[in-house]
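Number of protein chains: 4
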Amino acid sequence: MATTLPTAGSAAQTSSLRSRYAAVRVETERMAAPLSAEDQMVQACAEASPVKWHRAHTTWFFETFVLREFAAGYKPFNEAFHWLFNSYYISLGEEIPEKKLRASFSRPALDEIVAYRAHVDAAMELFLSAGDVPDEAVRRIVLGLNHEQQHLELALTDIKFAFFTNPLHPPYRDMAAPRNESVPLSWTKFEGGLREIGYPLDASHPEDFCFDNETPRHTVYVPPFTIANRLATCAEYLEFMTDNGYGRAELWLSEGWDAVIREQWQAPLYWHRDASDKTGWKVFTLGAWRGLSGLLHTPVCHISFFEADAFARWSGRRLPTEAEYEIAAADIPSNGTLLEDGTLHPQSASTQELAQMIGDCWEWTASPYTGYPGYRPLPGALGEYNGKFMSSQMVLRGGSCATPASHIRSTYRNFFPPATRWQFSGIRLAQ
Amino acid sequence: MATTLPTAGSAAQTSSLRSRYAAVRVETERMAAPLSAEDQMVQACAEASPVKWHRAHTTWFFETFVLREFAAGYKPFNEAFHWLFNSYYISLGEEIPEKKLRASFSRPALDEIVAYRAHVDAAMELFLSAGDVPDEAVRRIVLGLNHEQQHLELALTDIKFAFFTNPLHPPYRDMAAPRNESVPLSWTKFEGGLREIGYPLDASHPEDFCFDNETPRHTVYVPPFTIANRLATCAEYLEFMTDNGYGRAELWLSEGWDAVIREQWQAPLYWHRDASDKTGWKVFTLGAWRGLSGLLHTPVCHISFFEADAFARWSGRRLPTEAEYEIAAADIPSNGTLLEDGTLHPQSASTQELAQMIGDCWEWTASPYTGYPGYRPLPGALGEYNGKFMSSQMVLRGGSCATPASHIRSTYRNFFPPATRWQFSGIRLAQ
Amino acid sequence: MATTLPTAGSAAQTSSLRSRYAAVRVETERMAAPLSAEDQMVQACAEASPVKWHRAHTTWFFETFVLREFAAGYKPFNEAFHWLFNSYYISLGEEIPEKKLRASFSRPALDEIVAYRAHVDAAMELFLSAGDVPDEAVRRIVLGLNHEQQHLELALTDIKFAFFTNPLHPPYRDMAAPRNESVPLSWTKFEGGLREIGYPLDASHPEDFCFDNETPRHTVYVPPFTIANRLATCAEYLEFMTDNGYGRAELWLSEGWDAVIREQWQAPLYWHRDASDKTGWKVFTLGAWRGLSGLLHTPVCHISFFEADAFARWSGRRLPTEAEYEIAAADIPSNGTLLEDGTLHPQSASTQELAQMIGDCWEWTASPYTGYPGYRPLPGALGEYNGKFMSSQMVLRGGSCATPASHIRSTYRNFFPPATRWQFSGIRLAQ
Amino acid sequence: MATTLPTAGSAAQTSSLRSRYAAVRVETERMAAPLSAEDQMVQACAEASPVKWHRAHTTWFFETFVLREFAAGYKPFNEAFHWLFNSYYISLGEEIPEKKLRASFSRPALDEIVAYRAHVDAAMELFLSAGDVPDEAVRRIVLGLNHEQQHLELALTDIKFAFFTNPLHPPYRDMAAPRNESVPLSWTKFEGGLREIGYPLDASHPEDFCFDNETPRHTVYVPPFTIANRLATCAEYLEFMTDNGYGRAELWLSEGWDAVIREQWQAPLYWHRDASDKTGWKVFTLGAWRGLSGLLHTPVCHISFFEADAFARWSGRRLPTEAEYEIAAADIPSNGTLLEDGTLHPQSASTQELAQMIGDCWEWTASPYTGYPGYRPLPGALGEYNGKFMSSQMVLRGGSCATPASHIRSTYRNFFPPATRWQFSGIRLAQ
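Chains as they are written, first to last, in our numbering: chain A, 627 to 1057; chain B, 627 to 1057; chain C, 627 to 1057; chain D, 627 to 1057.
Simulated from the structure, these hints should not be mistaken for lab results.
Just so you know, not all the hints are guaranteed correct.
Because identical chains cannot be distinguished in the list, a pair is counted as satisfied if it fits within a single copy or across any two copies.
To be verified - Pairs of lysine to any residue, SDA-like flavour, derived with a Cα cap of 20 angstroms:
{"id": "1", "residue 1": "Lys1014", "residue 2": "Asp884"}
{"id": "2", "residue 1": "Lys1014", "residue 2": "Arg943"}
{"id": "3", "residue 1": "Lys904", "residue 2": "Asp869"}
{"id": "4", "residue 1": "Lys815", "residue 2": "Gly635"}
{"id": "5", "residue 1": "Lys1014", "residue 2": "Pro1043"}
{"id": "6", "residue 1": "Lys904", "residue 2": "Leu864"}
{"id": "7", "residue 1": "Lys701", "residue 2": "Gly913"}
{"id": "8", "residue 1": "Lys815", "residue 2": "Asn712"}
{"id": "9", "residue 1": "Lys701", "residue 2": "Ala756"}
{"id": "10", "residue 1": "Lys815", "residue 2": "Arg733"}
{"id": "11", "residue 1": "Lys701", "residue 2": "Glu751"}
{"id": "12", "residue 1": "Lys1014", "residue 2": "Glu876"}
{"id": "13", "residue 1": "Lys904", "residue 2": "Pro796"}
{"id": "14", "residue 1": "Lys1014", "residue 2": "Leu879"}
{"id": "15", "residue 1": "Lys1014", "residue 2": "Arg939"}
{"id": "16", "residue 1": "Lys701", "residue 2": "Val652"}
A quick note: this is a predicted structure, and the numbers were derived from the prediction, not measured.
Extracted from the complex, chain A is given alone in its bound form:
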């Protein structure tokens, strides 16, 4: 947010956009590189999508909202792709392939998707290098890049789940042992009072960006609070498990307890019993199985809101609200593990101070996901991006080891249903 933005319509702006576009698109390719055409077809659960689909759908975004509308003479790669790679933009008014059908997407072949990406990239380069890009196009390109970064993170977590589901449990790629150093838990106090939260969007700079759900910046009253210096660790979570955390209804929200029973949760997602590790557990990672003993001081991750909430109750603490998180994180530089670090897994805190506020794990907050006072969705199909999901979901903050650095900020609001576990989601306590 502190970045100095280039002047709207300037050559500097265009140049910045071109390089940003190239950087984001190449990051997607880098993510996909270790995966075969077959790997990119897997959809291992209803929430997940095939990597091939992620690659096509993010490309469709630029074709649909930028090239078709602003690039004179643009020839679509394949007319069928216009409805085929639409996902949820109901107001576009075309037949939408059911999400569940994505598993049948042997066609178009991966080769065609690769060609589609190249076709759109070339057209975008042409469009951007011609200069004189309208402000609305700039806004959409920046939105499209953020959209692609979201899908990049989703694709990584989808493929993790896919490889976990595969009976052979292959690794995604080589992964170094995570940093696993013990850092004592301590608490940072914050004064309460009237504070501002939300992103102060500068509408005069089309390249300035946040998602609509981060606006408007507005006043909240927050009582004094104290927040943990780091994320809860696997070791701490194991104590909760050992203390029969999954067996005591009184620790859980009613809906959470139903999930424990129905899904037979006994540990975080990706933990399996393994007598050969001294903790009795092994953990599936993007580098395949690791003994839990090598991860004890790393943040616990792949837990649901219900588990985070039960752990907090068991600890005699609570989860922070999103306002508390944002106030605490406001002046913290990025200080945790992000996608570019290439670790593929959260690491133990690297400092005794307020650590991991950005990166490592998304932090479940106590805040249900709703619109800020005066919230207005974007007009048209783009307005279906955030606002329509504002029921029965919880806010997560702070990004994870799978989030690109240029994508995350302290005002960023992620959201998932409270039983969701396949993201890198963890716990920071408050009191």
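Based on the hints, put chains B, C and D in the right spot on chain A.
Frame of chain A; chains B, C and D shown alone:
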């Protein structure tokens, strides 16, 4: 809240409790009077319970939490009832009859439930008339009475659904035509700023009461807002329907649109097409079918949060937050239709000013149900009353035509999942 | 079948019909007598119906198919009952109340059903005493009486399941200890060859009766076979269980094994573990719980076809075909326990010879339920009685302790889906 | 069956086996040739499997039942494949990958499966060329080849469904227009009486083969019957549809009618409305969409037993029993379209005489699938092949255009649940 409470432990307190106990218990009997033993067995949907069960379970509350613990020498009516009429108090640690089994409750017979109520009432009378009631017992009795009033309202809505489900559609009892006068929609403005909401519980008076979820009273910052002078009417809702409100995805939250498709919603619950009424609709009420034309200016009711939200979006308005409601309602005397009015149905507003803030219909707010800052559930089994439901539900405010007057206040927080329709739930707009 | 039938249209025929009608109707009343109005409302599983519904629906049959069509000037009791108590006769073309809604049938009240029965009984008496009953009416009355006898048996098994589901497990009525004497297993041989099976219906006598699915009598070729002298006992079944019968997939049909896993079957329906009985089991009967040790030599009952089949495979035997059963039973007089014996439970065999061929338990056969060669359903709505169920069901033969003596014969074909357990269904081995 | 079999253990036998093995294996490769690695991963419905899985599982059969047991010194390709490609042979006692997980099988990659096939083929060649193959090994190889032929047919129908599910509806490969000539319906009479059905297996020739469910050959009594000279055509089925066949409950078995309502059947699988064809319909084939007008005289296919049964009832006819089919087909040479004809679709009859008894479409019979008198499954894991499916399925006879010629014979018993539609299943009438 302004009531002067009797001094703790005084004869006045005991006398007040005795008369309050008798009044609430007799109100339950009055509700059940028009119903046969067979009627009181019906459980027409998963959320509902048989009236017989409501009558037994509320009695069980006094036996379990008051008589068994405080009344020396109390002999339980039937030991089996201790686990049989427990509902959701998991921490009591006994086997809990599945809610779905309630439909099999031909035994105990209604006669036995009637005898159970008499047994407990006699023991309570004995206990209260002996004087010297411990503060904790007073607190539990008051809680038990509020608990019974909640079940009274639920029982009325359950039986409405049961009679609607019955192919013969019998009336519950005679019902006068609701007041149906047109009152123009207008708007009341409120200054924003720092305000206090929540109930200021006086712990030194055990008879002072609110539910734990209304506490602690706390500071919130609220921007200036405007609120509608009355509930939305059937006529206004019919306009939404005529304008294809149920067919336009862009008006709905994503989860709400899924519900529209899955449940094939085309109108509020209890509305059926009927060519013989000039509106084309008839409405099932506790007095059986009524033509919609006689209800056009009464509040629309039996709608879900999703419908309320879509209607507000279609209107270009929004739903109020619970803080906004509470601020607006704070100084309003009870001004709507409550259970004691005996109308069995919401009535059109009786004033041009801020009307129906208490009574007629529960008002869906834009606020997800969570704990207030510093919220603490009651200790033990009683703590399972409210706190464990704090996920995926929305707050409703203000009571309905089925709520007893002594049960409702402006700080009262009701809550249901957003797709719920069988309560008397309606809409007040804000902007 | 050997009965000498009265001449069609004769006074003897009419008199016989009147007394038969009275006898069957009063048997239904006797069955219902121990049950309260509440008991008669319970529908404890999807296959079951409330006793009140059985009583109304069987009455509806006479009103619909006899009185409305043949009794001049008959005034229906209540026009709404015409569609309300229809069950599955789709071709009658009226709206059919969903079977699942039967649980909401608090209205009509039991009193009204009792009055309905009296109204129809009076009209039937008038119709029959007027003499000159058309042959088609006689046929329908006889069909209606058999229909009512079927519902009588179903009602008894439905109420058994209802009381089992009820957490208080009440008895239906007092029940004497079943005869429980050990009878050695032996085998009876039958020559094979061309044989006739099916009922030789005498169309010239309208009172001659069988269900359409028992016709036409036809030739089959049957290889020589051997059949067990009695039903398999609880003691024998317990050996199968002790030998891990429920844990060995190789003993089960694939669909049966799926049911074992899905339903977590570990014993027959109504068996519960009970350390206080020396067998470790107790059994729920119409007289409430009994220790299994007092039932060891009684036939095992309330098992599915899958369990019967697995037990037979474990025994190194097989189930008989329906032709084998019918050939073996052809010349056997009724020799087992039937409804009129009033035992409410199957008894141990009373003879060393071919015992229990009629009565005690329905015997699962190895025969899927299909039409006999040349089978023709009855015309019109009555044709929906049997033929339309001829897929995915298995034939049972021989009647049970809940079957009226006048209802059962060796050619009688009962049928249920192979996972059905709530009937008195047992096992006879063949080889 | 009339084939002269080589002497057991002879060089002729071994040579015959080697060439048969090679022929079957290469046919599988030919089927897979038009499909990409991505195509071979699709599992479009629960009954289907990925082509890659079919190719691996059939290979696993030879490795598991032949090479591991009989080929001295055989080195398995990959130990993990031993449990990975097991399907339903529960008695092998290893963990079985859930069928539903097959969609996650991006690993092993197709390349590995291809190598697996090559590895096993080389080992089989070595084993067979060494001579002196034990009789039991011969039996298993012949069984394995028949097993692979079954999977070949399933793979073709699975890929048809997969491409139909794919929103782009690609063709499998070029397909010539089917022969579409009108042949009048006529009837052939057969005398009834005692007849033999079933396969007369010569146990002394290990290469003699039938599935265990075709044995033992046994006597049946069959009344005289008449059978249609050809399969029912699309034109005839369209008449049934036009006459509201899918809307008249009285034409359907109860379970079938439930399926019509639940699945919203209005036409055979693969028929879609298309105003541009004069019939109003187009049909998806392995060569993609065809107008129905070019297929009117081809056999209707991809219908369930319920549809075949309803069509027969509407026609005033019935389906033949499996005995009737077998008697009628006994002396008919192969006279319909089989896999080797390469048409990929059933063709109109090529003769006025009894046509299409073998090939074109599997013919639903009126016979539920049960064991023949004296039926014994194979011992051990191989016994799980047929017998355990003998409930709730119907017999189909005659093979289809996707069945290899060397795989089908008049005694062959195929079986599927009655709602199954994705096989090439059609109708022959009898009366």
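Now the hints, each set against the structure:
1. Lys1014 x Asp884: between (26 angstroms within a copy, 11 angstroms between copies)
2. Lys1014 x Arg943: Between copies only: 16 angstroms across chains, 32 angstroms inside a chain, cut-off 20 angstroms.
3. Lys904 x Asp869: Classified as within; 18 angstroms inside a copy, 38 angstroms across copies.
4. Lys815 x Gly635: Neither: 44 angstroms inside a chain and 42 angstroms across chains, both beyond 20 angstroms.
5. Lys1014 x Pro1043: both (13 angstroms within a copy, 17 angstroms between copies)
6. Lys904 x Leu864: within (13 angstroms within a copy, 43 angstroms between copies)
7. Lys701 x Gly913: Answer is neither; intra-copy 41 angstroms and inter-copy 29 angstroms both fail.
8. Lys815 x Asn712: Neither: 46 angstroms inside a copy, 43 angstroms across copies.
9. Lys701 x Ala756: Intra 17 angstroms, inter 63 angstroms, cutoff 20 angstroms: intra-copy only.
10. Lys815 x Arg733: Classified as neither: same-chain Cα gap 55 angstroms, cross-chain 50 angstroms, threshold 20 angstroms.
11. Lys701 x Glu751: within (14 angstroms within a copy, 55 angstroms between copies)
12. Lys1014 x Glu876: Between copies only: 8 angstroms across, 33 angstroms inside.
13. Lys904 x Pro796: neither (23 angstroms within a copy, 53 angstroms between copies)
14. Lys1014 x Leu879: between (25 angstroms within a copy, 4 angstroms between copies)
15. Lys1014 x Arg939: between (31 angstroms within a copy, 11 angstroms between copies)
16. Lys701 x Val652: neither (23 angstroms within a copy, 44 angstroms between copies)
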